[in-house]
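Residue numbers (our numbering), protein chains in the order written: chain G, 619 to 1007; chain S, 619 to 1007.
Any given hint could turn out to be false.
If several chains are the same, the list does not tell them apart, and a pair holds so long as it fits within one copy or across any two.
Under the rule of at most 30 Å between Cα atoms (straight-line distance), these lysine-lysine pairs were calculated in the DSBU-like manner [stated by the list, open to error]:
hint	residue 1	residue 2
1	LYS747	LYS629
2	LYS742	LYS703
3	LYS855	LYS824
4	LYS742	LYS697
5	LYS743	LYS629
Derived by calculation from the structure, the hints in this document are not laboratory data.
Single-letter residue listing:
There are 2 protein chains.
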Amino acid sequence: MQNFEYCNRTKIIFGRGTENQAGSETAQYTKRILLHHSGGSSVRSGLIDRVKTSLKNAGVEWVELDGVQPNPRLSLVYKGIEIVKKEKLELVFAVGGGSVIDSSKAIALGAVNEGDVWGFYERKKITGKALPVAAIVTIPAAGSESSISSVITDERGPWKRGVNLECTRPVFSILNPELTYTLPSYQTACGIADMLAHIMERYFTKEPHVELTDELCEGAMRAIIRNARTIFAGGEKNYHARAEIMWAGALAHNNLLSTGRISDWASHGMEHELTAFFGIAHGAGLSILFPAWIRYNIKEDTPRLARFAAKVWGVDGAFYDYEQAALEGVFRMENFFRSIGLPVKFADAKLDPARIGEMARRAVIFGPLGNYRKLEQEDVEAIYRIAAE
Amino acid sequence: MQNFEYCNRTKIIFGRGTENQAGSETAQYTKRILLHHSGGSSVRSGLIDRVKTSLKNAGVEWVELDGVQPNPRLSLVYKGIEIVKKEKLELVFAVGGGSVIDSSKAIALGAVNEGDVWGFYERKKITGKALPVAAIVTIPAAGSESSISSVITDERGPWKRGVNLECTRPVFSILNPELTYTLPSYQTACGIADMLAHIMERYFTKEPHVELTDELCEGAMRAIIRNARTIFAGGEKNYHARAEIMWAGALAHNNLLSTGRISDWASHGMEHELTAFFGIAHGAGLSILFPAWIRYNIKEDTPRLARFAAKVWGVDGAFYDYEQAALEGVFRMENFFRSIGLPVKFADAKLDPARIGEMARRAVIFGPLGNYRKLEQEDVEAIYRIAAE
Chain G
619 MQNFEYCNRT KIIFGRGTEN QAGSETAQYT KRILLHHSGG SSVRSGLIDR
669 VKTSLKNAGV EWVELDGVQP NPRLSLVYKG IEIVKKEKLE LVFAVGGGSV
719 IDSSKAIALG AVNEGDVWGF YERKKITGKA LPVAAIVTIP AAGSESSISS
769 VITDERGPWK RGVNLECTRP VFSILNPELT YTLPSYQTAC GIADMLAHIM
819 ERYFTKEPHV ELTDELCEGA MRAIIRNART IFAGGEKNYH ARAEIMWAGA
869 LAHNNLLSTG RISDWASHGM EHELTAFFGI AHGAGLSILF PAWIRYNIKE
919 DTPRLARFAA KVWGVDGAFY DYEQAALEGV FRMENFFRSI GLPVKFADAK
969 LDPARIGEMA RRAVIFGPLG NYRKLEQEDV EAIYRIAAE
Chain S
619 MQNFEYCNRT KIIFGRGTEN QAGSETAQYT KRILLHHSGG SSVRSGLIDR
669 VKTSLKNAGV EWVELDGVQP NPRLSLVYKG IEIVKKEKLE LVFAVGGGSV
719 IDSSKAIALG AVNEGDVWGF YERKKITGKA LPVAAIVTIP AAGSESSISS
769 VITDERGPWK RGVNLECTRP VFSILNPELT YTLPSYQTAC GIADMLAHIM
819 ERYFTKEPHV ELTDELCEGA MRAIIRNART IFAGGEKNYH ARAEIMWAGA
869 LAHNNLLSTG RISDWASHGM EHELTAFFGI AHGAGLSILF PAWIRYNIKE
919 DTPRLARFAA KVWGVDGAFY DYEQAALEGV FRMENFFRSI GLPVKFADAK
969 LDPARIGEMA RRAVIFGPLG NYRKLEQEDV EAIYRIAAE
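All chains should be built: construct the whole structure from the sequences, respecting the hints.
Shown next, in the form of structure tokens:
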């Protein structure tokens, strides 16, 4: 086990009706906020109105900025920073999924640091200060509600880049599973792939003595898979299945599950190019790439891949050698993704394999990807090709 | 799943050599502290000297108060409060096990609140303020290093009472598994029973939809049991086994594992009387009482008890009915406790069954115990009698 530091200061407020605490929780920090959202379903569902009522009752004033899109755009971040500075706002309140929360984190950074906020995403500079961020989560997926991560797309590239800064961790996040009842099933599925990927990125490590976190990772993945099946078997409004998924989504990315281990993150790096080139949803890109990543690495600590197959996908190790067991695990993972409507090959999502060379070149522009096995450009290209078979 | 709030602000600094960060971490809060410890093994091992060097290098001044005993005494707490007030100290730094940390929390409470600190333990008053507490952990057991709990004994009763106050949660805790190499094996075993009990108290719930936290609890318990076996099979200085146990001990009691569920805590309530009457170590009292508690409750949600037997103790459900499976789980738990040198019956620890009536009367003085099943005086007495069979 590696030495580590672990601390997660986000206050999680979880359960039915908790969005009505938005005002009272916010008022503990300030009475002037930016209310940031997509302007889409959260308005139509009446959620934004309920939030405004809660804010008003607590004496909190807001300026509204909507228009956040999936793969949130740098241009809107710039606009948010301008508003926050001009109106002297003191907290950025996100209502939405990971895109809205990530956009809020970027605004919170840009509002109190000199110079271009994009510099943080290009890893040209770091900082310890940002405005406080708070969130109401409507899509369990990115885990941004208690993480230090933010991923923004500069549409001029397009460049999709992520940064991890402690100062952007939300001070509180409100998670009401009822808010996810009406998510389109494709978004639900993409979120499930994203949270599974967040755990797998941590699970696949060469660190040999991490039994406790192995157990926690495996248990969380099993709980996600079982409850996903419940939701997709007509349980869209099953509160408890939605609750298990929602809490798992936050835990998947709050760093508890990576304590003492070196995480991988190659698949996320490769996926960012898929999104940048084709605009595919992040979770769908991951359901295509993760199986391919395992197939490419099948000789790389095969016992761990076989354990993953046994503990997470129920493969009986007694009937296979390690490699066969590991491959059976990949088959089952692909079947699971397909069963909830996700692509597992380029063709399923109509992605053009002709772009593979270009994507592989760009994926490694900051250096090789991953830690389980360092992936150079030719490795990345080979994995894209497996996914395109 | 129940609505819940979850937040744990303790910064965990984990790994080899981390005690040398004591000074630099403390200096972020203040330069005047109370250094609180037992005066025993932590002095003999040279740990206290290393901590002082680290404090000195960071310009931190301290006043020292040693003498903490197992089941920490209220009289020493009063002395600590007096010193802190007189010397105008601003942080209580614990070096030791749960007793030292709990004593530090009590001092931190008493130093900044009017009136008798014991009032908090009698639940006659509450507070939101305390001096910051920090800790270096030498015994993985109580989980006090990142919990809001503190248990103190008023030796005049004797009364052993616990309180849970957010303001006493340590601001940082340093966990170096190497510091536990020289723990006497009985203390190691008691710690293991204590952390297993902390998880079991949370695991045994009537809340039906808590799959994610069920998985996390079961995984943590399996990791504890496996690594305990490694330590007791000659692995006293196996860094990784000690590390898994130490991290599990903190997670067992940081409340993540009880999110969304109603915890029980009857066994802890019953154990406090065992300690008060006989001075038995807390973990040894729990290894006696938890099996008895399950036996008494065998008809109480038997499927959950059987699941516990299957998932944690490897009982194959196919060969038993639920009740048989659950009982087989209890046998295995008792065997496990015995294998690491712990008592599982009154006679093993030479406890006098003649006191059972009196203990049962006192155990319920604040009302019935537990939530899995509410235990009245006659229930508590029956459980003590099972343990005394």
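* Homo-oligomer pair classification [LYS697, LYS742; C-alpha up to 30 Å] -> Within one copy only: 22 Å inside a chain, 53 Å across chains, cut-off 30 Å.
* Between the shortest in-copy and the shortest cross-copy C-alpha distance, which are at most 30 Å for LYS742 and LYS703: within, between, both, or neither? -> within (23 Å within a copy, 48 Å between copies)
* Please work out whether the CA atoms of LYS855 and LYS824 approach to 30 Å or closer within one copy, between two copies, in both situations, or in neither? => Answer is between: at 22 Å across copies they meet the 30 Å cutoff, but 40 Å inside does not.
* **Up to 30 Å CA-CA - LYS629 versus LYS743, copy category** => Answer is both; intra-copy 28 Å and inter-copy 25 Å each pass.
* Asked: Between LYS747 and LYS629, at a C-alpha cutoff of 30 Å, which is it: within one copy, between copies, both, or neither?
  -> both (19 Å within a copy, 18 Å between copies)
In summary, this structure violates none of the numbered hints.
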